[in-house]
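Undergrad: Here is how the chains run, residue by residue.
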Amino acid sequence: MNRLLPFIAFMLLVGLFGFGIWWNSHHDQNAIPSPLLDKPAPEFSLPKLYEPDQKVSKADLLGQPYLLNVFASWCIECGVEHPVLSAAAPTLGVQLVGYNYKDAPADAMNWLQKHGNPYHLLIADEPGQTAIDFGVYGAPESFLIDANGVIRYKHIGPITAEVMANEVKPAITAMLKEAP
Amino acid sequence: MTPELGQLALILALLLALAQSILPLVGAWRGNRALMAVARPAAAGQAVFVAMAFGILAWAFLRFDFSVQYVAENSNLALPWYYRIAAVWGAHEGSLLLWILILNLWTVALLALSQKLPEVFASRVIAVMGLIAVGFLAFIIFTSSPFGRLLPSPGDGADLNPVLQDPGMTFHPPMLYMGYVGFSVAFAFSIAALLGGELEQAWVRWARPWTNLAWAFLTCGIVAGSWWAYAELGWGGWWFWDPVENASFMPWLVGVALIHAQAVTEKRGSLRAWTILLSIFAFSLSLLGTFLVRSGVLTSVHAFASDPRRGLFILAFLTIVVGGSLLLYALRAPKVLGGKPFNVVSRETAILISNLMFTVAAAMVLLGTLFPLVGDALDLGRVSVGPPYFGFLFPLLMAPVVLLLPFGPFLRWGKTDAPLIRQVLLRAGIAAVACAIVAAFFVDGQLKAIAGVGSLVWLGIGVLLYAAKRWREVPRGRRYPAEMAGMLLAHLGVGVFVLGVLLSESLSVTRDVRMAPGESQRIGSYEFRFDGVHHTTGPNWTADQGTITVTRNGSDVTVMHPQKRTYPRGQVQTESSVDPGFTRDLYVALGEPMDANDLEGAWAVRLYYKPFIRWIWAGGLLMMLGGLVCAGDKRFRIKRTARAEAADAVLAAQETRA
Numbered sequence: 006m007n008r009l010l011p012f013i014a015f016m017l018l019v020g021l022f023g024f025g026i027w028w029n030s031h032h033d034q035n036a037i038p039s040p041l042l043d044k045p046a047p048e049f050s051l052p053k054l055y056e057p058d059q060k061v062s063k064a065d066l067l068g069q070p071y072l073l074n075v076f077a078s079w080c081i082e083c084g085v086e087h088p089v090l091s092a093a094a095p096t097l098g099v100q101l102v103g104y105n106y107k108d109a110p111a112d113a114m115n116w117l118q119k120h121g122n123p124y125h126l127l128i129a130d131e132p133g134q135t136a137i138d139f140g141v142y143g144a145p146e147s148f149l150i151d152a153n154g155v156i157r158y159k160h161i162g163p164i165t166a167e168v169m170a171n172e173v174k175p176a177i178t179a180m181l182k183e184a185p
Numbered sequence: 194m195t196p197e198l199g200q201l202a203l204i205l206a207l208l209l210a211l212a213q214s215i216l217p218l219v220g221a222w223r224g225n226r227a228l229m230a231v232a233r234p235a236a237a238g239q240a241v242f243v244a245m246a247f248g249i250l251a252w253a254f255l256r257f258d259f260s261v262q263y264v265a266e267n268s269n270l271a272l273p274w275y276y277r278i279a280a281v282w283g284a285h286e287g288s289l290l291l292w293i294l295i296l297n298l299w300t301v302a303l304l305a306l307s308q309k310l311p312e313v314f315a316s317r318v319i320a321v322m323g324l325i326a327v328g329f330l331a332f333i334i335f336t337s338s339p340f341g342r343l344l345p346s347p348g349d350g351a352d353l354n355p356v357l358q359d360p361g362m363t364f365h366p367p368m369l370y371m372g373y374v375g376f377s378v379a380f381a382f383s384i385a386a387l388l389g390g391e392l393e394q395a396w397v398r399w400a401r402p403w404t405n406l407a408w409a410f411l412t413c414g415i416v417a418g419s420w421w422a423y424a425e426l427g428w429g430g431w432w433f434w435d436p437v438e439n440a441s442f443m444p445w446l447v448g449v450a451l452i453h454a455q456a457v458t459e460k461r462g463s464l465r466a467w468t469i470l471l472s473i474f475a476f477s478l479s480l481l482g483t484f485l486v487r488s489g490v491l492t493s494v495h496a497f498a499s500d501p502r503r504g505l506f507i508l509a510f511l512t513i514v515v516g517g518s519l520l521l522y523a524l525r526a527p528k529v530l531g532g533k534p535f536n537v538v539s540r541e542t543a544i545l546i547s548n549l550m551f552t553v554a555a556a557m558v559l560l561g562t563l564f565p566l567v568g569d570a571l572d573l574g575r576v577s578v579g580p581p582y583f584g585f586l587f588p589l590l591m592a593p594v595v596l597l598l599p600f601g602p603f604l605r606w607g608k609t610d611a612p613l614i615r616q617v618l619l620r621a622g623i624a625a626v627a628c629a630i631v632a633a634f635f636v637d638g639q640l641k642a643i644a645g646v647g648s649l650v651w652l653g654i655g656v657l658l659y660a661a662k663r664w665r666e667v668p669r670g671r672r673y674p675a676e677m678a679g680m681l682l683a684h685l686g687v688g689v690f691v692l693g694v695l696l697s698e699s700l701s702v703t704r705d706v707r708m709a710p711g712e713s714q715r716i717g718s719y720e721f722r723f724d725g726v727h728h729t730t731g732p733n734w735t736a737d738q739g740t741i742t743v744t745r746n747g748s749d750v751t752v753m754h755p756q757k758r759t760y761p762r763g764q765v766q767t768e769s770s771v772d773p774g775f776t777r778d779l780y781v782a783l784g785e786p787m788d789a790n791d792l793e794g795a796w797a798v799r800l801y802y803k804p805f806i807r808w809i810w811a812g813g814l815l816m817m818l819g820g821l822v823c824a825g826d827k828r829f830r831i832k833r834t835a836r837a838e839a840a841d842a843v844l845a846a847q848e849t850r851a
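Which chain is which? The protein sequence lines are A and B, in order.
Sequence positions in the first sequence follow our numbering and run 6 to 185.
Sequence positions in the second sequence follow our numbering and run 194 to 851.
Just so you know, these hints were derived from the structure itself, not from any lab.
Just so it is clear, the structure is predicted and the values come from calculations on it, not from any experiment.
Check before you lean on any hint, since a few could be wrong.
Unchecked claim - Across the chosen pairs, the derived CB separations fall in these ranges: (1) A:Gly20 <-> B:Glu793: 54 to 60 angstroms; (2) B:Thr512 <-> A:Asn7: 20 to 26 angstroms; (3) A:Gly84 <-> B:Thr759: 29 to 35 angstroms; (4) A:Thr165 <-> B:Gly731: 53 to 59 angstroms; (5) B:Pro360 <-> A:Gly20: 39 to 45 angstroms; (6) B:Pro360 <-> A:Ser91: 44 to 50 angstroms; (7) B:Asp772 <-> A:Gln69: 53 to 59 angstroms; (8) B:Val578 <-> A:Thr165: 31 to 37 angstroms; (9) B:Ser713 <-> A:Asp138: 32 to 38 angstroms.
Stated by the list, open to error - Here are a few chain B residues that face chain A, going by a calculated C-beta distance under 7 angstroms: (10) Gly504; (11) Leu505; (12) Leu508; (13) Val515; (14) Gly516; (15) Leu520; (16) Leu521; (17) Ala526; (18) Leu566; (19) Gly825.
Beta carbons: idealized from backbone N, C-alpha and C, even for Gly.
Using the sequences and the hints, build the whole thing.
TA: Written out as structure tokens, the structure reads:
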């Protein structure tokens with residue numbers, strides 16, 4: 006019996022590998038579900054970009070759903086999604102909150118001046134500490150947060166026109182429908 | 194037309210491999226010499242055809258035959274010739290071809306050097322090598338042929354992954370495969386022994402240099418890979434506990450255990466079953482390494498080919514080879530505990546402890562590597578264990594090994610007198626503690642660094658004491674046989690390696706900074722001045738090249754040129770610049786420009802000061818050298834034993850009667 010142990014252990018391993026192959030052929034490798042999905046957004050308190058002496062906290066934003074868009078002037082892909090966001094902002098149905106990430110305020114303001122400012126509210130996280138709580142991998146990233154402060158949807162990477170039409174807008178519609 | 198010949202050559206090689214494996218096995222079972230005699234010519238023929246296929250693929254790369262899809266996908270007109278050769282193994286299909294080529298190299302070496310083995314045993318060994326070749330050749334032919342055509346043929350090809358366009362990467366795969374595949378020899382020996390029902394000590398002696406050689410190659414491959422990751426990836430790290438790195442590390446760990454277990458079995462006859470099991474493990478883990486990289490079961494930076502069909506094939510192959518040999522082991526492993534008895538304080542005990550530590554470490558790495566998969570299976574979500582897990586457990590397991598290492602050579606087989614051990618403990622211990630105390634003043638009391646200095650002295654003095662003892666007690670000429678010299682070198686390598694790891698980990702300085710032209714940053718006594726970025730071109734890339742002048746106390750040290758390269762297909766690759774040194778490396782990598790429109794302006798730059806990092810690879814190379822020297826010992830050459838003569842005589846007698 007003792008001598009069969011290596012064989013049995015190996016067969017368990019084979020089972021695991023078989024499962025791995027099956028799992029990988031049925032799942033998208035790049036989909037890393039955010040552990041924050043359907044969890045309350047982390048607490049934060051960050052200065053407004055244009056009025057750095059005023060702070061905005063999570064509590065201030067409770068009661069209204071919003072799309073939190075992490076962007077930076079140094080981020081090239083943010084320039085890709087910016088026109089899409091600008092076009093969609095008026096008909097989005099929720100507030101668009103800009104989250105300026107690891108950026109010098111002057112650079113960010115220049116960038117917004119150049120590309121336009123679709124955001125209803127702009128907060129700045131220059132040291133990038135709060136972004137860690139949000140689990141931000143890099144800019145751009147977007148979080149849809151409902152009136153109760155719960156993260157309902159997350160997108161990593163630029164929101165292209167397709168992502169906007171096929172993912173972001175349906176997610177907003179679904180969220181608004183269930184709200185009273 | 195030529196690429197089709199390559200495919201044909203592979204098919205012929207497969208047929209010969211089938212003949213090489215099935216006929217001699219039947220022959221050895223039925224005592225039929227004619228069938229056994231098929232093994233050698235079939236194996237030689239297989240090698241010829243595999244070499245031909247490999248040559249044809251290399252030739253297609255050299256003459257830009259983009260009608261071959263694999264060539265078109267992995268090279269282009271601008272790629273220099275040496276990288277076109279390296280491109281042969283730059284992706285999945287070709288790297289498998291390299292695998293099988295190397296398997297054939299080992300088989301040919303085996304053919305040349307096994308003339309004196311008893312015929313039954315030798316033909317079984319060659320047949321097992323043939324079985325492995327069957328699996329891999331079938332895998333190439335049925336799922337991953339490198340000779341597929343692309344019609345109409347494109348005017349120019351894509352590109353070799355720029356990450357692989359580096360001298361380190363040119364040598365890394367062949368060396369690694371030499372190691373992986375080399376373990377097949379020890380594996381074939383064990384399977385042949387299980388089939389034959391006995392494991393003679395003489396055969397283990399004969400298998401030992403093969404294991405040492407394979408392990409040395411594997412060490413070299415891992416060192417080259419680590420060096421490449423350090424120089425190329427731009428993160429300044431030398432080991433990332435990435436699944437694919439782990440895949441090469443597991444057979445290495447088991448290889449260490451196997452080398453030592455073989456020594457016990459050969460010299461004392463103990464641990465027979467364990468030696469067999471370890472040689473099965475070592476080769477299985479090599480196959481597993483191939484499987485993990487190729488199947489897409491685990492994703493990582495390295496997994497450049499993944500396809501579920503291939504994954505299933507390798508899994509089936511793995512099940513047959515590993516499952517089959519473990520089953521064979523369960524049924525036929527030597528039942529009687531052989532060998533001479535030994536005391537608690539003896540070399541056997543020390544080797545058993547180290548064996549235990551190395552196998553547990555390999556199991557630990559396996560568990561950590563497969564944990565994401567377990568997480569999926571038990572629906573725990575995508576979990577992965579990273580450096581914190583490995584970085585905590587691995588040193589914990591290796592600490593006892595480092596502590597016991599100096600005693601190893603002093604311990605005698607069977608039993609040892611305690612006073613001798615106490616003497617070594619006292620001398621090496623005092624030296625290590627004294628040096629550690631002195632070092633403490635130089636490293637700001639960093640515990641890791643102090644431990645590093647202590648470990649080097651502890652191991653180094655251990656080695657020196659033993660060398661001195663041999664010098665005193667043994668007449669000239671017989672003082673340091675290759676086997677022992679190799680062991681001492683490898684053990685010294687461990688010390689150098691540990692020092693490199695602990696010092697560079699604890700004393701490294703990293704700066705992630707924004708630098709405008711003319712600005713300086715200071716790390717320790719080194720002053721890094723950023724002199725801006727300009728545009729430059731190479732054979733098949735253009736680059737933004739930074740200039741960083743390093744001075745120390747006012748005198749120039751070096752001028753460094755980190756690059757951000759753009760390859761023809763738009764791939765961007767960071768080329769860091771390293772100023773190597775005996776006691777420190779200076780390392781600079783270029784990040785992003787602060788303003789994409791002003792490349793002459795400020796850039797994000799990463800500056801590293803890495804003390805003693807070179808000692809890590811130096812230690813690895815010493816271990817490799819130890820393995821090589823050890824493999825060259827004259828004692829391992831086969832002498833035809835009386836029993837082998839007898840076995841062949843019996844066979845000849847059966848033959849005449851039949």
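Undergrad: Going through the earlier hints one by one, which of them does the structure break, listed in rising order?
TA: 3, 4, 16, 19
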